[in-house]
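Protein sequence lines, in the order shown, are assigned to chains A and B. In case it helps, the numbering used here puts the first sequence at residues 1 to 152. In case it helps, the numbering used here puts the second sequence at residues 1 to 434.
I should point out that these hints are in silico values taken from the structure, not numbers from a laboratory. Possibly wrong hints are sitting among the right ones.
Unchecked claim - Looking from chain B toward chain A, a few residues come up when the C-beta cut is under 10 Å (computed):
1. Gly67
2. Met111
3. Leu115
4. Val127
5. Met130
6. Arg135
7. Glu139
8. Gly141
9. Leu142
10. Lys145
11. Lys146
12. Ser227
13. Arg390
14. Thr393
Unchecked claim - Lysine to any residue pairs mimicking SDA-like chemistry, simulated, CA-CA at most 25 Å apart:
15. Lys146/B x Asp107/A
16. Lys146/B x Ser284/B
17. Lys146/B x Glu46/A
18. Lys146/B x Asp3/A
19. Lys146/B x Arg108/A
20. Lys146/B x Arg180/B
21. Lys146/B x Pro131/A
22. Lys146/B x Gly53/A
23. Lys146/B x Arg36/A
24. Lys146/B x Val163/B
25. Lys146/B x Arg55/A
26. Lys146/B x Pro70/A
27. Lys146/B x Leu35/A
28. Lys146/B x Val38/A
29. Lys146/B x Phe41/A
30. Lys146/B x Gly52/A
31. Lys146/B x Asp90/B
32. Lys146/B x His161/B
33. Lys146/B x Leu56/A
34. Lys146/B x Ala191/B
Glycine included, each C-beta is placed from N, C-alpha and C at the ideal position.
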Amino acid sequence: MSDAVLIGVGNPYRSDDGVGTTVARLLRERGVPQLRIVESFGEASELIDLWGGARLAVVVAAVRAHPARPGRVRRIAVPDPGPAGARAASTHGVDLGAAVALARALDRLPERLVLYAVEVAGVGYGQRLSPAVAAASVRVAAAAEVELARPR
Amino acid sequence: VTHHSDRLLHVASLARVEGEGAMLVRVDGDRVTEVQLNIYEAPRFFEALLRGRAYTEPPDITSRICGICPVAYQTSACRAIENALGVTVDGPLADLRRLLYCAEWVESHTMHIYLLHAPDFLGCPDVVTMARDHRSMVERGLAIKKTGNDLIALLAGRPIHPVNVQIGGFYSAPTPESLREMLPRLRQARADALSTVEWVAGFDFPEFEQDHELLALVEPGTYAIESGTPTTDRGLSFPVRDFDRHVIEGQVPHSTALHGRLAGRGRYLTGPLARYTLNHQWLSPLAAEAARNAGLGERCDNPFRSIVVRAVEVLYALDEAVRLIEAYQPPPAPVAPVTPRAGTGYGATEAPRGLLYHRYELGADGTVVSARIVPPTAQNQAAIEEDLCRFVTPRLDLSDERLTYECEQMIRGYDPCISCSTHFLDLRIERGAG
Chain A
1 MSDAVLIGVG NPYRSDDGVG TTVARLLRER GVPQLRIVES FGEASELIDL WGGARLAVVV
61 AAVRAHPARP GRVRRIAVPD PGPAGARAAS THGVDLGAAV ALARALDRLP ERLVLYAVEV
121 AGVGYGQRLS PAVAAASVRV AAAAEVELAR PR
Chain B
1 VTHHSDRLLH VASLARVEGE GAMLVRVDGD RVTEVQLNIY EAPRFFEALL RGRAYTEPPD
61 ITSRICGICP VAYQTSACRA IENALGVTVD GPLADLRRLL YCAEWVESHT MHIYLLHAPD
121 FLGCPDVVTM ARDHRSMVER GLAIKKTGND LIALLAGRPI HPVNVQIGGF YSAPTPESLR
181 EMLPRLRQAR ADALSTVEWV AGFDFPEFEQ DHELLALVEP GTYAIESGTP TTDRGLSFPV
241 RDFDRHVIEG QVPHSTALHG RLAGRGRYLT GPLARYTLNH QWLSPLAAEA ARNAGLGERC
301 DNPFRSIVVR AVEVLYALDE AVRLIEAYQP PPAPVAPVTP RAGTGYGATE APRGLLYHRY
361 ELGADGTVVS ARIVPPTAQN QAAIEEDLCR FVTPRLDLSD ERLTYECEQM IRGYDPCISC
421 STHFLDLRIE RGAG
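All chains should be modelled from the sequences, with the hints used to inform the complete structure.
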């Protein structure tokens with residue numbers, strides 16, 4: 001099992017929902033050593049498999065907020081569960097928040113789990129991020145790179 | 001007991017279903033006047049975007065319709081286009097196709113059984129609560145599901161939206177050794193699936209029986225999965241090429257998915273209940289015995305008991321996977337010869353949620369001229385609405401909260417894949433003055 005994993009969650013065909021996979025691509029292009037970079041649609045059991053046993057997992061995902069400020073980034077370090085009712089913009093029956101809770105119940109969280117949640121402008125069809133979320137993806141990639149390079 | 005003369009029940013998001021939609025139940029006094037399954041997920045226009053594409057593309061394009069059952073879309077697309085081009089896929093290639101489909105049944109059904117449906121029967125609001133109270137059960141479910149996902153990845157490149165399927169077969173065929181390495185895990189998953197059947201059979205099921213005509217593929221001698229003849233439990237049977245004549249789709253104002261009806265007959269139901277009723281005699285001995293011990297008879301009409309049928313089908317799919325791998329001899333080539341030509345082809349397979357039909361009209365160079373895709377949830381919408389109406393009527397004395405919960409539970413029993421049929425489900429019950 002690798003030491004650290006970056007998981008970009010989302011659907012690149014649903015505009016801003018692709019921010020997680022965009023960050024994964026940016027970090028892949030930078031060639032961060034000793035880092036496993038994966039993309040996921042966010043299905044709970046897959047996430048648990050991807051981060052299980054890792055020292056550090058950084059998850060990047062889109063969130064819808066009301067009221068929304070597209071491009072605002074929240075860094076949430078688990079076990080802090082985040083704001084009550086916070087849910088990732090998942091179109092599936094079991095979302096990212098439930099995946100964390102399920103992993104905790106099953107003792108399958110990584111040693112450290114950090115979520116970067118990016119507020120979206122929209123998750124309609126299309127492969128382009130909105131300008132605010134595209135800018136946020138660059139900031140999150142830089143922040144995640146620093147996070148992942150920290151000594152244990 | 002509550003008696004409201006004018007009230008509105010509103011569930012902002014019906015949990016544990018795939019996709020986005022809403023349910024409206026309008027009650028006038030002691031009478032249910034209207035039930036609507038509102039599917040407001042935006043239309044996705046797959047049939048239109050397929051026009052003008054090469055005949056080689058629909059399997060990969062249509063697999064994107066669903067992240068849970070992409071193999072179903074790929075296989076129905078392949079069968080329809082192969083039908084148009086006169087391509088026969090048999091022997092080891094056909095076995096590999098069935099094996100891949102079995103793997104999808106395992107992952108899709110297991111997700112529904114353990115993550116979406118079982119919490120209803122255990123008094124848990126979600127799988128997280130269930131994991132605290134029934135941890136070993138959830139771990140067992142995740143392990144079975146992962147075995148299914150890993151078999152899909154082995155055969156087709158990755159577990160979601162696989163990339164190794166093409167018209168006529170596959171881009172590459174697995175070695176017998178690579179498949180046989182999976183056997184110990186598949187046998188363990190099969191033992192776990194048998195335990196799953198025994199576990200879910202012990203749940204308490206509300207009393208309710210649907211009375212729809214049941215439609216499923218039938219392939220005498222085997223439990224229909226990747227091929228078969230559309231057949232109903234009331235004597236109707238027709239070749240796949242006549243599907244357009246027998247299944248009429250119509251628009252309703254409250255849904256972006258079309259409602260399917262059998263011409264001259266009306267609403268019908270496809271999916272596990274129909275499949276079991278029409279195919280149970282061809283279950284493997286192990287799955288048949290498990291079904292009997294679970295109390296399933298010649299047919300199953302209670303949608304709440306669909307969880308037992310799904311568990312039997314997972315057991316069967318794993319038993320079948322072991323059988324297919326033990327007998328596997330690699331094909332001489334990973335794909336049958338394919339030559340484009342003008343024609344129209346028809347394909348139907350049994351997606352986890354029911355019969356999935358594709359039709360393609362191809363030009364002389366194999367370009368797609370037109371396409372039609374009829375997913376299971378669209379076919380089931382009218383039946384689900386009718387069942388909700390019949391289910392609610394004798395239960396109007398229940399509290400709004402309880403009635404809403406039981407309606408949600410019933411909807412989950414049908415495992416509607418709203419993403420497929422056109423995506424968040426809201427449930428609303430309106431009670432008028434009467």
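Structure-based check of all given hints:
1. Gly67: Hint on Gly67/B: holds, closest Cβ of chain A at ~5 Å, below 10 Å.
2. Met111: holds, 7 Å
3. Leu115: holds, 5 Å
4. Val127: Since chain A brings a Cβ to about 6 Å from Val127/B, closer than 10 Å, the hint holds.
5. Met130: Holds - the Cβ of Met130/B comes within 10 Å of chain A, reaching about 9 Å at its closest.
6. Arg135: Holds - the Cβ of Arg135/B comes within 10 Å of chain A, reaching about 6 Å at its closest.
7. Glu139: Constraint on Glu139/B satisfied, holds at 6 Å.
8. Gly141: holds, 8 Å
9. Leu142: Holds - the Cβ of Leu142/B comes within 10 Å of chain A, reaching about 5 Å at its closest.
10. Lys145: Where the cut-off is 10 Å and the nearest Cβ of chain A is about 6 Å from Lys145/B, the hint holds.
11. Lys146: Holds: closest Cβ of chain A sits about 7 Å from Lys146/B, inside 10 Å.
12. Ser227: violated, 28 Å
13. Arg390: For Arg390/B, the interface hint is violated, since the closest Cβ of chain A sits about 25 Å away, which is over 10 Å.
14. Thr393: violated, 28 Å
15. Lys146/B x Asp107/A: holds, 17 Å
16. Lys146/B x Ser284/B: Holds, because 23 Å separates the two Cα atoms, which is no more than 25 Å.
17. Lys146/B x Glu46/A: holds, 8 Å
18. Lys146/B x Asp3/A: OK: Lys146/B and Asp3/A at ~22 Å, within 25 Å.
19. Lys146/B x Arg108/A: holds, 15 Å
20. Lys146/B x Arg180/B: holds, 17 Å
21. Lys146/B x Pro131/A: Not OK: Lys146/B and Pro131/A at ~37 Å, beyond 25 Å, violated.
22. Lys146/B x Gly53/A: holds, 16 Å
23. Lys146/B x Arg36/A: Distance ~20 Å between Lys146/B and Arg36/A Cα, so the pair holds.
24. Lys146/B x Val163/B: holds, 18 Å
25. Lys146/B x Arg55/A: holds, 22 Å
26. Lys146/B x Pro70/A: Not satisfied, since the Cα-Cα distance of roughly 35 Å exceeds 25 Å.
27. Lys146/B x Leu35/A: This hinted pair holds, its Cα atoms lying about 24 Å apart.
28. Lys146/B x Val38/A: Distance ~17 Å between Lys146/B and Val38/A Cα, so the pair holds.
29. Lys146/B x Phe41/A: holds, 15 Å
30. Lys146/B x Gly52/A: Holds: Lys146/B and Gly52/A sit about 14 Å apart, inside 25 Å.
31. Lys146/B x Asp90/B: violated, 28 Å
32. Lys146/B x His161/B: holds, 16 Å
33. Lys146/B x Leu56/A: Cα-Cα ~22 Å, so holds.
34. Lys146/B x Ala191/B: The given pair, whose Cα atoms are some 15 Å apart, holds under the 25 Å limit.
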